[in-house]
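Visitor: Got chain A; can you put chains B and C on it based on the hints?
Residue numbers (the working numbering), protein chains in the order written: chain A, 1 to 283; chain B, 1 to 307; chain C, 1 to 436.
Note that these hints are calculated values from the structure, not bench results.
Some chain B residues close to chain A (C-beta under 10 Å, calculated; not the full set):
1. GLU20
2. LEU37
3. PHE45
The beta-carbon is built from N, C-alpha and C at its ideal position, and this holds for glycine as well.
Residues per chain, in single letters:
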Amino acid sequence: MVIERKWKKWLYFYIPMAVFILFTLFPFYWMAVTAMRPDGELYRTFRQANATPFWTLAPTLEHFKGLMQTTAFPQWLWNTMLIALVSTIISLVCGMFAGYALARLKFRGSEFLGTIIFITYLVPQTLLFIPLADIIRDMHLGNTPWALMLTYPTFLIPFCTWLLMGYFKTIPKELEECARIDGATRFGAMIRIIFPVAIPGILSAGIFAFTLSWNEFIYALIFMSSAELKTVPVGVVSELIRGDIFFWGQLMAGALLGSIPVAIVYSFFVEYYVTGLTGSVKG
Amino acid sequence: MTVAAPAERGRVSRLTRLLESETVLATALLVPGVLILVVFIAYPFVMAIWYSLTSIRVGVVGEFVGLANFTKAWGDSIFQTAFKNTVFYTFWATIFKLALGMWLALLLNRSFRFKRIVRASMLLPFIIPTVLSAFAWRWMFDPTFSVINWVLFHSGVITDRLPFLSDGDWAMWCAVLVNTWRGMPFFAITLLAGLQTISPDLHEAAALDGANAWHRFWHVTWPLLLPVTLVVVVFSVIQTFSDFQLIYVLTGGGPANSTHLIATYAYQIGVASGLLGEGAALSLFMFPVLFAVVWVQLRYMKRMEGH
Amino acid sequence: MKRRKFLKATGAGFAATGLAGILAAHRAPVFAQANTIHILRWNDFVPAADKVLREVYVPEVQKALGIKLNVETVNANDIPARATAGIQSGSGPDIIMLLNNLPHLYAASAVDVSDIADEVGKAQGGIYDASQQLNKVGGMWAAMPWSVVPGMIAYRKSWFEEIGLKEFPKTWAAYHEAGKKLKAMKRPIGQTLGNTFGDAPTFTYPLLWSFGGQEVDAKGKVALDSKETLESVRFMTQFWKDAHDEGGLAWDDSNNNRAFLSGDICASLNGASIYVAALNAPDKFKTEKGAPMHTDILHAALPAGPKGLHAYHTAFNHMVMKYSKNTKGAKEFLRWAHTKANYEKWFTVQKGFAVGISREWEKHAMWNNDPVMLPFKTAPNNQKRAMGFGGAPDKKAAEAWNKYIVTVMYAQAAGGKMTPEQTVKWAAGELGKIYT
Chain A
1 MVIERKWKKW LYFYIPMAVF ILFTLFPFYW MAVTAMRPDG ELYRTFRQAN ATPFWTLAPT
61 LEHFKGLMQT TAFPQWLWNT MLIALVSTII SLVCGMFAGY ALARLKFRGS EFLGTIIFIT
121 YLVPQTLLFI PLADIIRDMH LGNTPWALML TYPTFLIPFC TWLLMGYFKT IPKELEECAR
181 IDGATRFGAM IRIIFPVAIP GILSAGIFAF TLSWNEFIYA LIFMSSAELK TVPVGVVSEL
241 IRGDIFFWGQ LMAGALLGSI PVAIVYSFFV EYYVTGLTGS VKG
Chain B
1 MTVAAPAERG RVSRLTRLLE SETVLATALL VPGVLILVVF IAYPFVMAIW YSLTSIRVGV
61 VGEFVGLANF TKAWGDSIFQ TAFKNTVFYT FWATIFKLAL GMWLALLLNR SFRFKRIVRA
121 SMLLPFIIPT VLSAFAWRWM FDPTFSVINW VLFHSGVITD RLPFLSDGDW AMWCAVLVNT
181 WRGMPFFAIT LLAGLQTISP DLHEAAALDG ANAWHRFWHV TWPLLLPVTL VVVVFSVIQT
241 FSDFQLIYVL TGGGPANSTH LIATYAYQIG VASGLLGEGA ALSLFMFPVL FAVVWVQLRY
301 MKRMEGH
Chain C
1 MKRRKFLKAT GAGFAATGLA GILAAHRAPV FAQANTIHIL RWNDFVPAAD KVLREVYVPE
61 VQKALGIKLN VETVNANDIP ARATAGIQSG SGPDIIMLLN NLPHLYAASA VDVSDIADEV
121 GKAQGGIYDA SQQLNKVGGM WAAMPWSVVP GMIAYRKSWF EEIGLKEFPK TWAAYHEAGK
181 KLKAMKRPIG QTLGNTFGDA PTFTYPLLWS FGGQEVDAKG KVALDSKETL ESVRFMTQFW
241 KDAHDEGGLA WDDSNNNRAF LSGDICASLN GASIYVAALN APDKFKTEKG APMHTDILHA
301 ALPAGPKGLH AYHTAFNHMV MKYSKNTKGA KEFLRWAHTK ANYEKWFTVQ KGFAVGISRE
361 WEKHAMWNND PVMLPFKTAP NNQKRAMGFG GAPDKKAAEA WNKYIVTVMY AQAAGGKMTP
421 EQTVKWAAGE LGKIYT
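Next up, chain A with everything else stripped away, as it sits in the complex:
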């Protein structure tokens, strides 16, 4: 280890780290303060002497309560969770299969197919949502969670495939060959040998997919029309902005509560996430 002097450590590490942490987390602190600020304090302009943007002396939970009780927020939370989970599973399965096929199997057109899958990532949702409305209606999926569970994979599968492809490429071929010599089928070897080894990569792809599903707005807006089926982003924007009044307290409360489930998932898996990407980026 290169030994550093104390002051160097402060200059090159602690201070930059602190600045990064401040920059990254200040908005969350801000949201938390706004969410707990009583309404009366929200409307103090920056010029006024009694404006206290960084803290509030009368924290209140009324916005959180209002959010949970007067809007269908808990329901939206549940919907978004469910949809994100199912979309992630579908995309992961498709991504695992496709990634394996493209990385480990030799067949004609594999490169072409890989490129095509990658290219579908380029098509923006704002272009697709109108024609998609037609298709969703034809399949009678309108206003059901399946409309989202089947359309979200369209922007999750390409990324999962690419990520897992890279990961699979780093796994030595010997593993499969040994298994097949021992009598396992190709399919069996894939499922029983390769996939378990690739779990970190699968986890990281899954986490990323979960985050993207959680974040999606426009498909959720268009395909879901019942209040109880809405997702968190759509519901919060719909309910908490009335004409020209923004319910900032509740909006920020919703923003915080809307990030917590995913943050929890991350905290469990973040180490896996990091090591998971390690494998794929080598490839």
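Guide: Only chains B and C this time, still in chain A's reference frame:
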């Protein structure tokens, strides 16, 4: 694992035997994913291209007009601004995300107390839904209530407020800032993973040879990280170039149509004004650029694999 | 086998949804099933009004007509996206609330509601001019007007009195003078010139008209590039610098509310939401002297220009969609809702924020409750023009409206990005691309 007895092998189904063929197995494995992509992307995409070639409006089928929508867009001054904005936004946001992400990754690569918590919390901007964090930022930039103005005003740095979102140029930089804030964690964590694959021995060797920290970074770390970097940059460019939610929430395209991106303008034309054909054409303008970016990356990756 | 299981699961998923749908259709009595109406509206500024819809209309229309009413509310900005998706895919809400002249844009997908409009018009002595213009497309009523949200200038009574004005300025020149004085006292006028659907066009279009400018002439040719328009832009540029909060270039429809309620601005064109918010929370919103803010708020019409006094008020209309499977029920519902007894329930909780569609509602006793709201009563009757004036408020006018051409014309000059001459030429050019 024991070798299957001859009698058992006979019972192996035809399906299993079929799946031994690489081509058949590959096809079977690719079917679910490709099916979803064909039904929910390829088909609507073709429809969208068809829209862009007709004068279709909401509820009115319209007729084939060839490239008229594209030429109208090309001559539209708002579109030209939107195109310039999109390039500006993508370029600067990517550079900042890369630079800051790399720096943060280097910092996180060290061992320190609370490493786990810090790493996890750094991801928060990426986790929170874009619409919601964009609202929070909008509130922070608000002309009347901005906390940033408060800090600067009360510390005497400014006497009148800064026009964060009231001025077109300022607003674009604010958008770059928010996008950087949002995307930097993704860069950091991905690059961090890459950094972990670099053996510390390489750094030791370089240090023994007299290289200082900057040299070590530039000659050891950076080249080894290049593949990862490239991939992350490409994905980020694609996302940023076709970004919609952030500007939609932050400025709505204003002031005076000066912060529109291609995606937000296409939406305003296609959906708000009902001109679906023109909106589709506007969206499709993003394609050549994205395609070029992807092509460059694929070429590079192929070259890398050649080594 | 994973693959098989997966396919089975998807298939089951599809089947389950489809099956559930079929079962539901067969189980429910045909009569009740056929009479469901899904109505899509905005999240009303006045939450009490949405409560009336959900807690009063829903049970009562079920009793009266056997109609199951399903009320969905979204952000007003998101309605065009839903409407477009619904029309293109052929399925969605049966009734969609549309702002301003959106009925012209979607007319091809609308059910003719002329019978309802004629009935209501006869019963109430005639629907407002502007609502007629905005909803009638080619002689047929494409949508049924529901309400109008008038925009008035809300202003601080005490501050204007301090500079010697007992009444609100009646001309632009006088308003300019007043604004100059007030801005010098750090009390500027607050007006949005941003890309926002409510307050910005309702200010800029009447401004343009009051100086004699107009977008097109009677023949549909672009007529924006005129000396009247130039005069209005020159005025606005000076007015902006002298009297306005210059952050207004980035404001949306909510910023002026906040700024006013915080005591930052002296006046702003707005719906009644500023006053109503102050009224509902007298302890939260106080003047600098400690009195409840709502005691210091009065309303007035926009000032007059050299060529008259003009106004534009946001119209809220209901369109029955052609793709609906229950157009009969939808029309029945609308008829029912417009009867005096039922409409009144919605009208009274609005307290004047949204008003009715005919002069009949100007006579309602609700107006006697609060003199501060009186200017809103007669406001819609004074509106004679709509966007695209010179011509009809048709889809070309809608495109211009949605591109914010008129608003941006003023914003560019006020923000110093272009000279008045340049910006007028720019705007005329943009209009030219639309009115080809």
